[in-house]
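Read top to bottom, the protein sequences are chains G and D.
Position 177, counted from 1, in the first sequence is what the numbering used here calls 427; the numbers after and before it change by one each time, with no gaps.
Position 492, counted from 1, in the second sequence is what the numbering used here calls 742; the numbers after and before it change by one each time, with no gaps.
Hints are computed from structural coordinates only; laboratory data are not their basis.
There's no promise every hint is true.
All copies of an identical chain are treated as equivalent in the list; a pair is satisfied when it fits inside any one copy or across any two copies.
[To be verified] The calculated DSSO-like cross-link candidates involving lysine-lysine, where the alpha carbons are at most 30 Å apart (straight line), are: (1) K598 / K498; (2) K774 / K727; (3) K921 / K598; (4) K921 / K878; (5) K765 / K755; (6) K926 / K598; (7) K878 / K926; (8) K374 / K765; (9) K727 / K587; (10) K774 / K814; (11) K380 / K587; (12) K774 / K755; (13) K921 / K755.
2 protein chains.
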Amino acid sequence: MGSDHDVSRRRFLSTAVTSTAASLLARPALSFAFGEPALGLGKAVSFETEVAAGSISPWQDQGVLNLANSPYAKLHTVPVRAVTIEEGFWSKRRKTNIESSIPSMRVELEDHGRMDNFRRLVGKSSAPQKGPYYSDSDIYKWTEAVGWALQSGDRPELRSVTDSMIREVVAIQEPNGYLNTYYQNDRVPLRMQPHEQEVGHEMYCLGHMLQGAIAYYRATGDPTLMNAGMKFLDNFVIPNYGPGANQKPIISGHPEIEMSLIELYRTTGKHQYVDLAGYILHGDERATLQPRAIVYMFCGIPFTTRTKLEGHAVRAMYACCGATDYYLETGDPAYWKTLNVLWEDLSKRQMYITGGVGARAQGEAFGEPYELPNAQAYGESCAAIGNMMWNWRMLAASGEARFTDVIERALYNGINSGMSLDGTTYCYRNPLAFDPAGYDQFRGPNIRNPWYDTTCCPPNLERTFGSLPGYFYSTSKDGMYVHLYDNSVLDWHLEDGTPLKIQQKTNYPWGGDVKLTLNPAQAKDFTFYVRIPGWSANARVAVNGRTVEGAQAGQYLPIQRHWKPGDVVTLSFPITTQLVAANPRVSEDTARVAVSRGPMIYCMEGLDQENGTALSDVLIRISAQEGKEFQNEYDAKLLEGVVVVHHNGAAHETSSADEGLYTPVSSTPQKSRPAKLTMIPYYAWANRQPTTMQVWSRYIRS
Amino acid sequence: MGSDHDVSRRRFLSTAVTSTAASLLARPALSFAFGEPALGLGKAVSFETEVAAGSISPWQDQGVLNLANSPYAKLHTVPVRAVTIEEGFWSKRRKTNIESSIPSMRVELEDHGRMDNFRRLVGKSSAPQKGPYYSDSDIYKWTEAVGWALQSGDRPELRSVTDSMIREVVAIQEPNGYLNTYYQNDRVPLRMQPHEQEVGHEMYCLGHMLQGAIAYYRATGDPTLMNAGMKFLDNFVIPNYGPGANQKPIISGHPEIEMSLIELYRTTGKHQYVDLAGYILHGDERATLQPRAIVYMFCGIPFTTRTKLEGHAVRAMYACCGATDYYLETGDPAYWKTLNVLWEDLSKRQMYITGGVGARAQGEAFGEPYELPNAQAYGESCAAIGNMMWNWRMLAASGEARFTDVIERALYNGINSGMSLDGTTYCYRNPLAFDPAGYDQFRGPNIRNPWYDTTCCPPNLERTFGSLPGYFYSTSKDGMYVHLYDNSVLDWHLEDGTPLKIQQKTNYPWGGDVKLTLNPAQAKDFTFYVRIPGWSANARVAVNGRTVEGAQAGQYLPIQRHWKPGDVVTLSFPITTQLVAANPRVSEDTARVAVSRGPMIYCMEGLDQENGTALSDVLIRISAQEGKEFQNEYDAKLLEGVVVVHHNGAAHETSSADEGLYTPVSSTPQKSRPAKLTMIPYYAWANRQPTTMQVWSRYIRS
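Let's have the full structure, built from the sequences with the hints guiding it.
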């Protein structure tokens, strides 16, 4: 393949340049994946012919999204395999993910009958149907996690077991294309009935099937599962459901299908999938839904009429992902306008400081504006992931760093908190305050569990950490963007085909110095866009030791020059302990502060405080010499290595435990005593014995 | 009847003395009710013979509860009819209740098919079954409201229509005693099945039937509905359900039956109803419930093993009512211990400053300890009423004013807020902060509505205001207790039979001076217990102008003397504007204060604040001269007459509307400007156009 293909009328010709086969083969971990699909189960479909003809990007060049041919994408992804994360902050998490989380989740899925649900239908299991109606999606999301993870290095055993699982999944596909283990036997007549479309998740399961299939295809070139998904769509869904007079309406009871359809288009070039996604995002006037359903499901009315985030948070985030994907392909300005209105709502009124979203347990939903309770926060792991996924798409559409700030906030905090350090237990909820004594029977005794009967979050976390390298860089017509910082190597190329390696050396996020060594194959004019995090007020940027002016927090700093091999960009983001206040309208955070350090939000756990001081009694001391009141210390032995923050704070002399519920206000403030306070990064909470936790603490000025 | 009957082995002989027929007949409003039952539908039952024989109290002497023969009641009720509330604070509400609320609710009940549900079963209506499975209880609670209301004066039309409704209710009773409009036709096989007992409210409906029947009987002497309830119990329930080997278990899916059974015992003398209540309160080991159900339904395990309030708030409050009733009859110390543990939990960790309970919308439930959000408060009107009902029973058992403080707190605030000033719309939720702009579609656009498909709260409010006179006084062996203050006349007697009238003259709760003129029929030694409210730190009490020492806030002051006709007790509770703080563990109230004035909790409504200052920006000014910062003014034209509180407060110079969601903390406090703030009593909120509201405001010290 050469460079600079013309855009065809199908708007699907590649504008990106693929790596050479040689450079791929030089990566031993992926050598298995190049060439023939490994399983050989899938028959050749037309898009493979097109791949061979060079008219669409080969699978191994496709990133987390394949934006190579998306006309309204300003940024384009690089494949997961193009970035190798080296020893540093994320390497531990990623090692745990592939060595502990993904394998242990497979055992859980088997133990809870999720695969037997498939086997039973072909006579290979006599176990009863297990799990809720959306249980097939657990398998698909796990498959997606495997797909991304394999792109960072082959795991033959894992690959083999996943191949077998895919074989067992596709074995149940019916001749008409239908594939879902729940709607069987007595439930066959219920398939795609209007009520079932609202509650039954058939399209949701198909969406995750497609996403799992695509990730696995991008890892292995094996289209088996993707072919099954296309057959479901082409033979069953599209002939019978859609806007036509002879079709029945589609109701997206849990948005997810939208973004997967568009990614399928990006993978296959079949534009009918974009059209179908657009139809679903618009809603079908023939399917009249209750107002509550329209709110809760975030579907059923034209997406472009939405003015605020509401209803089920994961549904809303996934709908926004699908709508942004639709914009990236169509450029429909009504979508872009709505997406920006919703993003303003997110970032000004609806997002936790951890990047979590969805305040309410009831309906797993967004609350009223500024309704962001702490102990009662829902903050479902899946919703924070949905937030990151959405902002990744907004970033691609705009190239604006405000979206990357949200990605970083969610990733380091409200997502990272979702998985225990050992990778075997998961938070479904991610509250910002916690008291194990008060945690009630409605919610089970533990905040982290190895399994949930609705086990959406665990494989969602696994697919996120598996795909993480794909979020570090993007290309643009004029150069390269760096979004995230960690020790890593990029081995990719500019959009004109010039090979480019970038080495990152950093202690980020514990420290704020990053050294980026650029090695283009030959000296080249292009722009290197370095992200200045929104929290970094005094960033300094230099190239080969010479300062580059213009670094602004929350912006990409474009460095346009004639880059030569070995050029070094040094970034310095002074990482200090920062105190953050919430908008006064966030009533639970009134007169409280949170502690942050770089991208990390900190919290206090009760067991770390001296003399057993209750967290409800502690006071952060705000003084003119703020910095001196905090001492930072990297403790390699604590929580797999964290920077601990110590603070010369205070505590109320009278413990709140001894006070009545309502008492007359005294004309003099309550007395306090000095107290040493200890804080850890929020993501690491609840990894020791049960104890209290809080992110937002009261303060005194002194 | 004479005085001092011996207690029989049935523990049911009266220790109270009834009024003379003459004094009853002197009350024209009740003349209709004396003598024969008005309807004549009910056949004589044994207890009526006992009434005639003088062995149990006649119906017209029975109060809100009939504690005349309850061995563990320290205080005994006086009948509703014995107290006439004269023009003052409560007269408006009570007039609205009888003239507007009760009649308009009857129309609503008819319009929503609640009576047609009965008529259909006897071929008098072809309308389909309407409303949820507990809809019969709507009728019964409304009947109860009528029953109490009629005791303050006959309303022949209302009585006539209620008689007809009762006739239509009992017409559907089956020969086996069963009476419920929901479990008919296809649902007959579901009757009292274990799952239905958990969710179907059959016993709940029977409980409300009994309570409605008893209130109506106490008004009119007509036992028709009560006989039907007894027939349901005696013919259907007791032979088939209960602890016996030949009986099936009873699961109290929504506690209510317990207290009604005991009140039925108190009305009829049939002790089997106490036994049945005790069995239900204990739970049946044969019926194993899920832990979540045990929490949510507040039943299924021995009541005496409970250690905290949890689950559905109304269920928990009603269960506590039943358990206290059970204690009042049996004296079981395990019950008293548990009730006190639960009351500590209520008053220290679970009650809003308004007396509302039940923090969470999800499950209409208690939250974790100190989980008392404001805008998200559920505070169901029914739960606040349940709180008042429970504390009324605890007061009877103990004579302790801490329970009366809760009654007063709930009554003036969290209950009184439930009904609009015009009496035609109702709050189901009673939040402590509100923004109509944020009020979401999940909950409907309005906070006050004329009808809810689950219309438990409206008739519950109506029965509460209808029975209010019965809460003003109690008798004890040694004298008389006064609990509540308003212009009123008590016309009752001491327990030794001495007639006693007490006239109250007061401006309470706007002012704190109360003049009580005692007119015993003859001079008599007894103790007059006057309640010093918990909020009244500097109460003064005098008899005929001479100070009585010992008044303590939150206590009854016993005044033992030789009382002569015309003796005057003057109470002075200096009512000032008080600022109240919440326990720091109530996270939403951190660094906030509430304003109270006597028993009234105040709130701010946005429309009252000058220059449109947002409530999220206002600041209460706490200064050494607190009193001078507040000006009180009675405004007869505002909200049907309220004392408005004006405050020379402040507001932030930068509106929170203009601030980001998370911002670095400044080393200097935010600047504020002076701002005139206006507050109204909480109960009167949401009676003008939609606007913001808050009870807890931020403050500055100056």
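Which of the listed hints are not met by the structure?
1, 8, 11, 13
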